[in-house]
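Peer 1: Sequence:
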Amino acid sequence: TIQKPNLYSFIPYLFMEIRESLFTEYLSAKARDPYQLSHALIHAAYKFGHVVEKENSVEASGPRVNSHVHFTLKKQFDKFTFLHIDVYAEGDSYLEELNVSINASIVSETPETRGMISGIFHKQYRDKIYEKAKHSAAALAKEFFLEIQKVLKGEKIVE
1 TIQKPNLYSF IPYLFMEIRE SLFTEYLSAK ARDPYQLSHA LIHAAYKFGH VVEKENSVEA
61 SGPRVNSHVH FTLKKQFDKF TFLHIDVYAE GDSYLEELNV SINASIVSET PETRGMISGI
121 FHKQYRDKIY EKAKHSAAAL AKEFFLEIQK VLKGEKIVE
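Using the numbering used here, the first residue of the sequence shown is number 1, and each one after it goes up by one.
Careful: at least some of the hints might be erroneous.
With a Cα cut of at most 27 angstroms, we get these calculated BS3-like pairs of lysine-lysine [unchecked claim]:
hint, residue 1, residue 2
1, Lys132, Lys74
2, Lys79, Lys132
3, Lys142, Lys75
Label pairs and their calculated CB-CB ranges [as the list claims (entries may be wrong)]:
hint, residue 1, residue 2, range
4, Asp127, Gly62, 54 to 60 angstroms
5, Gly62, Glu131, 16 to 22 angstroms
6, Asp86, Lys132, 19 to 25 angstroms
Note that these hints are calculated values from the structure, not bench results.
Quick reminder that beta carbons are idealized off the backbone N, C-alpha and C, glycines included.
Please build the complete structure, drawing on both the sequences and the hints.
Peer 2: Set out below in structure tokens:
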């Protein structure tokens, strides 16, 4: 059988990206084992979405053990929009301290082609659907932040 060529395959797709920061927070907690506590943060994040560990390292120098953990939480709301939360945890066992930085943002990437239909789609998406996804993402990010606070305070034991 002979397949007809797709007439639209030559049109390059451009992506319109909307990236909005929801919040940036810094937390600090006392912990006998900051590395273990940073792993408790990772385990707590799994119930909110897809977790990708980007860095997980320990440096030992005498009595001082420093740990560095960086992970990203991603939660997709529709085909184009997702919540993106970066968590950086820096631990120092000598000081028995864990410092955590949380950056939450919502990202929307929609394919954009030329034409009236594309323009109408983007306007409707931005005005109607994106606003609902943004509201849901903000609520989930706040819930995630409260969960992280509980873990750091020792109120929540994560298995």
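Peer 1: Are any of the numbered hints broken by this structure? If so, which, sorted upward?
Peer 2: 5
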